[in-house]
Amino acid sequence: MMNTQGRPTRPAEAEAATPVATFTGNRGLQIEEALIFEIGRPDVSGVDLPPAPKAASRLGKHARRAPLGLPGLTEPEAVRHYVRLSRQNYAIDLGLYPLGSCTMKHNPRLNEAMVRLAGFADIHPLQPLSTVKGAVQLMQELSHWLLTMTGMAAVALSPKAGAHGELCGMMAIKAALAARGESRSIVLVPESAHGTNPATAAQLGYKVVPVPAREDGTVDPAAVKALLSPDVAAIMLTNPNTCGLFERDIVEIAEAVHAAGAFFYGDGANFNAIVGKVRPGDLGVDAMHINLHKTFSTPHGGGGPGSGPVVLSKALAPFAPLPFIRLDAGEPVLVETEEGLAEAETPFGRLTAFHGQMGMYVRALAYMLAHGADGLRQASEDAVLSANYVKARLSDLFNAPYGGRPCMHEVLFDDSSLEGTGVSTLDFAKAMIDEGYHPMTMYFPLVVHGAMLIEPTESESLASLDLFIATLRDLAMAAKAGDTERFRQAPRLAPRRRLDETRAARSPRLSWKDPLPAAEAAE
Amino acid sequence: MRYHPLTDHDRAHMRATIGVGAVDQLFSDVPRDKLLSGLLDLPTTKSELEVERLMGRMAARNVAAGSVPFFVGAGAYRHHVPASVDHLIQRSEFLTSYTPYQPEIAQGTLQVLFEFQSQVGRLTGMEVANAGMYDGSTGCGEAVLMAHRLTRRNKAVLSGTLHPQYRAVVETLGRMAGDTVEALPPDPEATEDILARIDGQTACVVVQSPSVYGHLIDLAPIAEKAHAVGALLVAVVTEVVALGAIEPPGAQGADIVVGEGQSLGNPLGFGGPYVGLFATREKFIRQLPGRLCGETVDADGKRGFVLTLSTREQHIRRDKATSNICTSSGLCALAFSIHATLLGEAGLTRLAAINHASAAATADALAAVPGVKVLNDTFFNEFTVRLPGDAAAIVEKLAAKGIIAGVPMSRLEPGRPELADLLLVAATETTTDDDRAAFAAALAEVL
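Line by line, the protein sequences are chains X and B. Numbers in the numbering used here are just positions in the first sequence, counted from 1, shifted up by 315. Numbers in the numbering used here are just positions in the second sequence, counted from 1, shifted up by 13.
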């Protein structure tokens, strides 16, 4: 109907939004984008370079003989390609990102600015140490903050991500046992643990023995004691655990583990719940990695880079890998090789070239300085408060299997409330996408059926939490009311509908293959 | 503070909804005597301005590579990165998204990973590549473990061409997993006979070309010998720009290629974060570590991408996984891929030629300094010189004159007097004729 009265137009109420087929396949601002191999050409470049000076080649017989087949794009084409692709992603900057145990909190832009200072971005890991005093100072400052927060004796900064940190901590334990002349073969891992824990232990040749959870979702010290033996090297325990609970018997567990001559590896994935509230060192932890990309907000970047410094107890400190920072008369010194070792220092080796994820150290330290002791504690308290608020407001419609106790920074629901509705956890998660939310962590931890693990973080306003809660309530009521279409067909409004993962795995296509020339294809 | 949207009023309302009086009631499972009552012994919150001031002071204590004549390489290289790369990787939807576990709302990241895998495959001359490793050195360690799985043998032979810190990573992993690692001595003059070290117990032989000393190594005969005894060749490339100029390892028979991808798209950043390249043959994909992105279709038949073959990975297989890797290096892979797309084949080829010419001119300038000998017959953009004295001391003297001259080999291989007079020198498109002249003149002065 034509607008004849100068009032804002609005669609006729009866017109339901139906999918519109367009000529281009685009839908308004949602623009389809081809692969660089379809739009680029090998003879096109978005970088202007002068011709190479004529010089005698020193490549010998090694000069490349065949073309590579690498497409190029000019700058405007490239910018458009990547900007269009970016718009097919969900992001923290777009909305609440409730992935449990992933800590998707706000990424302050100040940190991005700091890491791009030439004095941090444009320095080489092997330029003379006399020219990088500020970098070593920064590593020392970060170490100080981490050690103060955790109450531990030493820190190995170099691990590149959480799982790499696990490897680091478990290697330190293996080295400490070897130094005692022992080679124990078993590592205890609770069933609720993240998959990296058993994978790490197995990579070091350990046999993984699962520790069953008790009724309330925590580890029973009696179960641990029953499994302890002179052959147990360590227990790997996440605290707060992946059910969102603080392991309340942790001190008793740690004492039992130590009494058996074993070590206590703490998975620090959920450290965001307890910074400034309790120090892992006070609980008996011997080694713990800290995901700087979770608790200290270095951006996840679509799957990394991460950074996983490992704090170590007095017993493990001597085994910290190279490189490490030592204070010599108050001055931080970067020790890179065996040659520089003091007597008590017996590193188990080296985990990576150079010195670790400096770019993440810069961002994390900027985050810590900005928060301060008060802000860090507030962040943890707000994260825990927000998770408990979500739990309180949803517990009439969702079943929290361990709901009898306060949760930490994430709340775990199972799928029993969906029973009989024909809607699975997966369907529920996909329907959240249509509502503009990234789904929660689903089907993890494995100890409850159809798990939904929600971590709101401290970055959400009350209004944001309330809308999220209202959305989940609406979905839950729709499921109970039998509106299965809303779930089975979901997502309907995302850049793609459900993808065929079985097909992807059955006949893997992992790289672009140039189409055959028309003549060959016809044959 | 500025990052926390909740107000005290909100908090009170939330506590009331939950039914607690004080927030510490939510921490009731923490043992009473362990719950901290006061603040940690650390400074309190700071404004942006204050943080900038503190960080700026630390940054100012470092000498930025771009501010001086600069010749350091050895596994990380200073290149010009187009401004659009850093702009694009800071798009919120790339920077602040998680691993693409929900593919319907992560096609941006997934398509980039598919393109990245394809680019890495073509650069290395291999059939498939994964979505990236933490960096080159950890990728090297994973390649050795993969070779052990594939051959069911557990001995790795490391060439003396390999970066010493890569060697240390492999040795550490090997020692901890109970595997055998045989490392040949450093090979500064490219004279080692590695063929004699490959036998029927060998799972893989690891060779770097260009070597850490800059030499270009003929991989084909090594691959041939390895294959003859059922072993695999792991080829390592720490300067990926070289692949614009030299024969790719895949064309020389490599079974696994690992590379450091920092040179494209990523700043030096004091050593990280970088991105590892990891490529292999199609028949080995089920033993690959790390993430893989694959093509598929959605419910409407539209092309789309997903993470695939995840039955290799720790979140499914737990203690039977091919590796424990979870977070990888997504944003650095994005930067790599954008830079590679901007260059294209024509740009990369020219960039490589400029790098080579720059290094050749630098080698000629240094060779003209009395007492300095260039060890390399072949090189790409980095070479080794023998100095008439301790290289580390000479580098310090040059640093005092405002020239960052390269990596004294003793920094990477301490305790080997025969290497103490060796200096690794790299030059790239960022090196100017003035830089070279200043380096040669200053070197002549301090010798």
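Treat the hints with care, since some could be wrong.
Once the Cα atoms are required to be at most 16 Å apart in a straight line, the calculated EDC-like pairs of lysine to aspartate or glutamate come out as [as the list claims (entries may be wrong)]:
(1) B:K47 / X:E660
(2) X:K540 / X:D564
(3) B:K315 / X:E816
(4) B:K47 / X:E570
(5) X:K376 / B:D231
(6) X:K522 / B:D390
(7) B:K386 / B:D448
(8) X:K795 / X:E660
(9) B:K414 / B:D377
(10) X:K828 / B:E140
(11) X:K522 / X:E506
(12) X:K448 / X:E497
(13) B:K59 / X:E567
(14) X:K522 / X:D546
(15) B:K238 / B:D212
(16) X:K629 / X:E651
(17) X:K369 / B:D446
(18) X:K376 / B:E140
(19) B:K296 / B:E140
(20) B:K315 / X:D597
(21) X:K828 / B:D448
(22) B:K238 / B:D206
(23) B:K47 / X:D597
(24) X:K540 / X:E567
(25) X:K448 / B:D434
(26) B:K333 / X:E660
(27) B:K386 / B:D313
(28) B:K47 / X:E651
(29) X:K448 / X:E651
(30) X:K369 / B:D231
(31) B:K315 / X:E567
Derived Cβ-Cβ restraints for the label pairs, each shown as a range [as the list claims (entries may be wrong)]:
(32) X:H573 / B:T443: 32 to 42 Å
(33) B:D390 / X:G340: 53 to 63 Å
(34) X:E800 / B:E61: 46 to 56 Å
(35) B:Q214 / X:K522: 24 to 34 Å
The hints are simulated quantities; they were obtained by calculation from the structure and are not laboratory data. Idealized CB from N, CA, C, for every residue including glycine.
We went through each hint and held it up to the structure:
no.: 1; hint: B:K47 / X:E660; in the structure: 30 Å, violated
no.: 2; hint: X:K540 / X:D564; in the structure: 12 Å, holds
no.: 3; hint: B:K315 / X:E816; in the structure: 13 Å, holds
no.: 4; hint: B:K47 / X:E570; in the structure: 15 Å, holds
no.: 5; hint: X:K376 / B:D231; in the structure: 9 Å, holds
no.: 6; hint: X:K522 / B:D390; in the structure: 50 Å, violated
no.: 7; hint: B:K386 / B:D448; in the structure: 19 Å, violated
no.: 8; hint: X:K795 / X:E660; in the structure: 62 Å, violated
no.: 9; hint: B:K414 / B:D377; in the structure: 21 Å, violated
no.: 10; hint: X:K828 / B:E140; in the structure: 10 Å, holds
no.: 11; hint: X:K522 / X:E506; in the structure: 14 Å, holds
no.: 12; hint: X:K448 / X:E497; in the structure: 40 Å, violated
no.: 13; hint: B:K59 / X:E567; in the structure: 38 Å, violated
no.: 14; hint: X:K522 / X:D546; in the structure: 10 Å, holds
no.: 15; hint: B:K238 / B:D212; in the structure: 9 Å, holds
no.: 16; hint: X:K629 / X:E651; in the structure: 21 Å, violated
no.: 17; hint: X:K369 / B:D446; in the structure: 14 Å, holds
no.: 18; hint: X:K376 / B:E140; in the structure: 24 Å, violated
no.: 19; hint: B:K296 / B:E140; in the structure: 9 Å, holds
no.: 20; hint: B:K315 / X:D597; in the structure: 54 Å, violated
no.: 21; hint: X:K828 / B:D448; in the structure: 43 Å, violated
no.: 22; hint: B:K238 / B:D206; in the structure: 12 Å, holds
no.: 23; hint: B:K47 / X:D597; in the structure: 7 Å, holds
no.: 24; hint: X:K540 / X:E567; in the structure: 10 Å, holds
no.: 25; hint: X:K448 / B:D434; in the structure: 25 Å, violated
no.: 26; hint: B:K333 / X:E660; in the structure: 34 Å, violated
no.: 27; hint: B:K386 / B:D313; in the structure: 66 Å, violated
no.: 28; hint: B:K47 / X:E651; in the structure: 36 Å, violated
no.: 29; hint: X:K448 / X:E651; in the structure: 15 Å, holds
no.: 30; hint: X:K369 / B:D231; in the structure: 25 Å, violated
no.: 31; hint: B:K315 / X:E567; in the structure: 55 Å, violated
no.: 32; hint: X:H573 / B:T443: 32 to 42 Å; in the structure: 54 Å, violated
no.: 33; hint: B:D390 / X:G340: 53 to 63 Å; in the structure: 55 Å, holds
no.: 34; hint: X:E800 / B:E61: 46 to 56 Å; in the structure: 49 Å, holds
no.: 35; hint: B:Q214 / X:K522: 24 to 34 Å; in the structure: 26 Å, holds
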